[in-house]
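Enquirer: Residue numbering for the first sequence follows full-length UniProt numbering, starting at 1 and increasing by one per position.
A few of these clues could be false.
The calculated label-pair distances, taken between Cβ atoms and stated as ranges, are [said to hold, decoys possible]:
#1 F135 with I76: 33 to 41 Å
#2 I76 with H143: 45 to 53 Å
#3 K153 with Q84: 54 to 62 Å
Below, in silico cross-link-like pairs of lysine-lysine (DSS-like), each with a Cα-Cα straight-line distance of 30 Å or less [claimed, not checked]:
#4 K69 with K96
#5 K88 with K69
#6 K68 with K94
#7 K120 with K88
#8 K96 with K68
#9 K132 with K94
#10 K122 with K88
#11 K144 with K132
#12 K142 with K153
#13 K120 with K132
#14 K120 with K94
#15 K68 with K122
#16 K69 with K120
#17 K132 with K96
#18 K122 with K94
#19 K122 with K132
It is worth saying that the hints were derived from the structure and are not from the lab.
The structure presented is a predicted model; accordingly, all values stated were derived computationally and were not measured.
Ideal Cβ placement from N, Cα and C applies to all residues, glycine included.
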Amino acid sequence: MEWNESTRSFVPRAEPSLSFFYNYSSSSNSNPSYPGSEGKEAALVETPQELLHAMEEMKYAASQREKKKRLTSSQIESLERSFQEEIKLDTDRKMKLSRELGLQPRQIAVWFQNRRTRWKAKQLEHLYFALKQEFDLISNEKHKLQEEVMRLKARIREQAYRTHVSGVYTEMCGAETVESTSEMLHGSKGMITSSNSNQQIIADGYCCVPVEDHHQQNNVPLPNWSAAPYCP
DNA sequence: AGGCTAACCTATTCACACC
DNA sequence: GGTGTGAATAGGTTAGCCT
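When you get a sec, could you build the whole thing from the sequences and use the hints?
Expert: Next up, the structure:
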């Protein structure tokens with residue numbers, strides 16, 4: 001059983017300095033994190049006097065404590081290699097790395113934990129950029145389609161206006177033509193019922209020119225709908 | 001079912017390096 | 001001195017084991 005991790009729950013954790021109790025390893029190590037702690041066996045305190053004494057010792061140890069040190073590049077290289085093999089750490093691997101690198105098992109575990117956090121953040125960043133790229137693409141397409149709609153609406157308005165004007169003109173010249181024109185207009189779903197016909201067409205959203213035809217006429221490539229995400 | 005242990009996680013702190 | 005980065009800590013959660 002490993003002291004520095006398994007016994008954590010025995011020790012009150014509200015007081016930060018008490019972490020001294022459970023963050024050193026009792027195993028002998030060539031590279032102890034905290035000088036002053038080596039060779040000591042962890043002991044549970046049972047009386048207030050013992051607690052006071054322990055706290056005094058802790059203060060001393062803290063004063064003697066070596067400053068935080070960065071891991072060497074070769075240590076990081078080995079840890080990195082191991083991480084690439086498997087991002088989770090089992091006990092055997094932890095102990096093996098600990099022996100090989102001359103680090104506390106706790107240090108190995110902490111390094112892996114921090115490494116996983118960094119890895120996760122990186123993954124999240126990649127995911128964000130991938131989604132953003134996709135969004136930009138779709139947004140761009142939407143913008144183009146909106147422009148297309150505007151153009152088509154303008155064209156319909158223009159055509160409707162021309163039809164209306166020529167209708168009035170032929171009415172003045174001869175009834176037969178007027179009737180046929182009128183019939184034609186009424187025949188197409190009876191959309192045009194007033195002199196305001198052009199506005200009516202636009203307002204109803206009926207389109208006289210099929211989009212496919214328009215695309216063919218204007219040499220506009222049809223969007224790939226099957227590839228587009230469903231958007232209600 | 002509930003307690004214990006050992007792993008994990010996120011958030012935070014702390015020390016150090018670099019500018 | 002301010003800031004970024006990485007090692008370490010704090011406190012919580014979860015899964016597996018045992019009684």
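Enquirer: A separate judgement is required for each hint: does it hold in the structure or not?
Expert: To see whether the hints hold, each was checked on the structure:
| no. | hint | verdict |
| --- | --- | --- |
| 1 | F135 with I76: 33 to 41 Å | 36 Å, holds |
| 2 | I76 with H143: 45 to 53 Å | 47 Å, holds |
| 3 | K153 with Q84: 54 to 62 Å | 57 Å, holds |
| 4 | K69 with K96 | 21 Å, holds |
| 5 | K88 with K69 | 24 Å, holds |
| 6 | K68 with K94 | 21 Å, holds |
| 7 | K120 with K88 | 13 Å, holds |
| 8 | K96 with K68 | 23 Å, holds |
| 9 | K132 with K94 | 39 Å, violated |
| 10 | K122 with K88 | 17 Å, holds |
| 11 | K144 with K132 | 18 Å, holds |
| 12 | K142 with K153 | 16 Å, holds |
| 13 | K120 with K132 | 18 Å, holds |
| 14 | K120 with K94 | 21 Å, holds |
| 15 | K68 with K122 | 26 Å, holds |
| 16 | K69 with K120 | 24 Å, holds |
| 17 | K132 with K96 | 42 Å, violated |
| 18 | K122 with K94 | 24 Å, holds |
| 19 | K122 with K132 | 15 Å, holds |
Checked against the numbered hints above, the structure breaks hints 9, 17 and satisfies the rest.
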